[in-house]
Structure formats: structure tokens, C-alpha cells
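Respectively, the protein sequence lines represent chains D and L.
Position 94, counted from 1, in the first sequence is what this note's numbering calls 94; the numbers after and before it change by one each time, with no gaps.
Position 39, counted from 1, in the second sequence is what this note's numbering calls 39; the numbers after and before it change by one each time, with no gaps.
Rather than coming from a laboratory, the hints here were simulated on the basis of the structure.
Keep in mind it's a predicted model, so treat the numbers as computed, not measured.
Mixed in with the good hints, there may be bad ones.
Only some residues are given here: those of chain D computed to face chain L with a beta carbon under 7 Å [to be verified]:
hint, residue
1, Glu19
2, Thr20
3, Asp48
4, Val55
5, Ser57
6, Thr105
7, Arg107
8, Val128
9, Val129
10, Val134
11, Ala135
12, Tyr137
13, His161
14, Ser178
By construction, the Cβ of each residue, glycine as well, lies at the ideal position given by its N, Cα and C atoms.
Number of protein chains: 2
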Amino acid sequence: MAPMKKKPLALSRVYRVIETGPVVLVTTSRKGRPNVMPMSWHTMIDFDPPILGCVVSDRNYSFQTLRTTRECVINIPTVELASKVVKCGNSSGKTVDKFTAFGLTPRPAARVTAPIVDECYVNLECEVVDTRMVASYGFFILQVVKAWIDSSKKGPRTIHHAGKGSFMVAGETIKLPSRKA
Amino acid sequence: MAPMKKKPLALSRVYRVIETGPVVLVTTSRKGRPNVMPMSWHTMIDFDPPILGCVVSDRNYSFQTLRTTRECVINIPTVELASKVVKCGNSSGKTVDKFTAFGLTPRPAARVTAPIVDECYVNLECEVVDTRMVASYGFFILQVVKAWIDSSKKGPRTIHHAGKGSFMVAGETIKLPSRKA
Chain D
1 MAPMKKKPLA LSRVYRVIET GPVVLVTTSR KGRPNVMPMS WHTMIDFDPP
51 ILGCVVSDRN YSFQTLRTTR ECVINIPTVE LASKVVKCGN SSGKTVDKFT
101 AFGLTPRPAA RVTAPIVDEC YVNLECEVVD TRMVASYGFF ILQVVKAWID
151 SSKKGPRTIH HAGKGSFMVA GETIKLPSRK A
Chain L
1 MAPMKKKPLA LSRVYRVIET GPVVLVTTSR KGRPNVMPMS WHTMIDFDPP
51 ILGCVVSDRN YSFQTLRTTR ECVINIPTVE LASKVVKCGN SSGKTVDKFT
101 AFGLTPRPAA RVTAPIVDEC YVNLECEVVD TRMVASYGFF ILQVVKAWID
151 SSKKGPRTIH HAGKGSFMVA GETIKLPSRK A
């Protein structure tokens, strides 16, 4: 495998790639077998260290792995990967090796066992730090412990699910004089 | 005030306007005095009844009102309102009547005391249903009890904060054959 071309992304900047609300691919790994699922229901919770919250239904194969291993990677795809993202959502890791089936490349992460999806422009290596809301809502709280970015990707065309396979693709960026983070 | 032109949005469809991750304006009201603040840190939690989670920092003037009144409206602006959204974020309801100062129109809601922002294309009237994570993270869990939409707005150009006053504006919509909600 060729060396990774991505660079570390400062943890204090993670919120800037998450708070726009992109579809992400969540990778997990159990007994040496990686899995990947798309997810839209996530939010930033805190800036630095970066804390995220996300909903993973117990109907998903990834649920048990995430709860047991307490690790995952949040990978952010761009529009070129949209059809692969949907294929990952239409199948279950219970019966399909999605990496092989859909041509995604698992790459070893630095801090967690779950793999990075090489094709995604951002990868956030995460540890589960709070499971108090898992029973009620499937809501996991994650801390990002290492982050990577392909910094050649300017104005990344992320995809944002609007239900039933409808995706809004990121458009132009505007800049306004905000005093906020 | 002219009658509202918006129509009810079925509660089962609320997730479709939230899961793309738009900046929203949160309105609250205390002692007859409404306030409005922008927010990007929110996620869907469940489909129907629609449950949302959002982070409101205790540094924000809206925090105490939300905690005390247990009500708010989540309003979704489009790009025409971007400069007003930023002005709302650059000021505090403690010292400024933001509706008057920035030319936003508060309209009575149907089910809660907090007002609707008339200029926003979607308004979600919400009740706080779970405060267990407020002490740890400022994370409120809301149930949408009534929803409104300006259905003339096709492909709404929502804005998605990327930090420091940088906003991604919603681009084109693509449709892929997903078997998921």
C-alpha cells in the first residue's frame, strides 16, 4: 500500500469539517473484520478536544461493534463517492464485506483498530467516551483522538442527505464577518 | 400582520430538512421578550415523533431561557438571510432586541410561546423532553410538536457553517437509489 498522502488535521479545527453536516462513513472493526456504514445523524458537542455525538441504531450491524470495541473512524466522503456511500447503506456488514464489494480501501489508522477509508478526504479517529444515552437513543459520544485531511481538496463537495436517497451537494462558500468560532 | 403563507409540514418529514445540517435560528421567549440565536450543532435523534438534539452553551443568553421555559422554535434560514444570521450571532439578547435590530419578524407559534421567525422557510416548534445531558454538554433533547414549511421554496439554499464566518451554501440535489429513509 502506498504511503498515505494526507496530513494531520489539528484537533482544534475538526469542528469546521463536521458542523456543515456532511454524510460520513463510520468504520468499525471486530475480530479483524472491518465494516463501514453511512451516517447523517451526528453533531459537534465540543471544540477541543473535539467531541462528537452520533446516533447509531441498534438495527445496524455496526451498533454492537461500536458498543463493544468503543472505537470507530468517522470518514468524510465527497460527491465522487456518492454511489459507493449509498451501496454501503443498502447492504449489511453482517453478510457483505463492503470494502471489497464496493471498492473502498481500508487503511490502518494511527490510534484505533478501526480502519481509515482511504478515498475519503477527512478521517477522524475516535474513541467512545460516553454511552449514557445509548440505551435511550442509540446516541454515542465520541472523542476525536487523531485527525487527517487531504489538504489538496479545496471547497470539498461533501454530500448532505435529505432523505430517501436525495443528497444536497455542497455548493459555493461565502465568508461573512463573524466574531464566533 | 398578514396571515402566514406556510403550510404544516408532516412531522414524519421533519428529518429531511434537518439531517442536511443547516444553520438554524433558535428562538426562545422569556417574560414576553423573544430572542433569537444561530446554531449549527444539532442532529436528528429519531424520526417520528421527530426528536432532535442540540448544543446550547451556557455562555449564551438563550441557555437559561431554554432550560427554564423548556420550549423553542428551530427556524431554518436560506442564504438571503445569511448576513442577519451572522448579526444575530455577533450580539447577545441580553443587550439587544435582535428582531427589531436586524429586521426579523417574530410571528406567534401554534404550540409554544417562543415565536416563529417569519422569514425562515421552515419552522419547527419544539418542547424540551430530556435534559439529562445539559449539565455535561449543554445538550438538549427536543421533540418537534408542530412544523411549518414554505413549500414554494424548491431546492432551498440553506447555509452550513464551516467555522469563523465561512458558510457553505447548499448546491445541487442528486438522487440515488437508496433503500433507506
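Evaluated hints:
1. Contact between Glu19/D and chain L, as hinted, is supported at the beta carbon level, the nearest pair being about 4 Å apart and thus within 7 Å.
2. The interface hint given for Thr20/D is met, as the beta carbon of that residue sits about 4 Å from the closest beta carbon of chain L, less than 7 Å.
3. Taken as an interface hint, Asp48/D does not check out: its beta carbon lies about 12 Å from the nearest beta carbon of chain L, beyond 7 Å.
4. The beta carbon of Val55/D comes within 6 Å of a beta carbon in chain L, closer than 7 Å, and the hint placing it at the interface holds.
5. Proximity of Ser57/D to chain L is violated relative to the hint, the smallest CB-CB distance being about 10 Å (cut-off 7 Å).
6. Taken as an interface hint, Thr105/D does not check out: its beta carbon lies about 21 Å from the nearest beta carbon of chain L, beyond 7 Å.
7. The interface hint given for Arg107/D is violated, since its Cβ lies 25 Å from the closest Cβ of chain L, which is over the 7 Å cut-off.
8. The closest approach between the C-beta of Val128/D and any C-beta of chain L is roughly 15 Å, which is over the 7 Å cut-off, so the hint fails.
9. Restraint check, Val129/D versus chain L: the minimum CB separation of about 11 Å is more than 7 Å; hint violated.
10. At a threshold of 7 Å, the smallest CB-CB gap from Val134/D to chain L is about 12 Å, leaving the interface hint violated.
11. Interface restraint check for Ala135/D: the shortest CB-CB distance to chain L comes to about 11 Å, outside 7 Å, so the restraint is violated.
12. The interface hint given for Tyr137/D is met, as the beta carbon of that residue sits about 5 Å from the closest beta carbon of chain L, less than 7 Å.
13. At its closest, the beta carbon of His161/D sits 5 Å from a beta carbon of chain L; the interface hint therefore holds under the 7 Å criterion.
14. With a least beta-carbon distance of about 3 Å to chain L, the hint placing Ser178/D at the interface is held under the 7 Å criterion.
The structure fails to meet hints 3, 5, 6, 7, 8, 9, 10, 11 from the earlier list, while all remaining hints are met.
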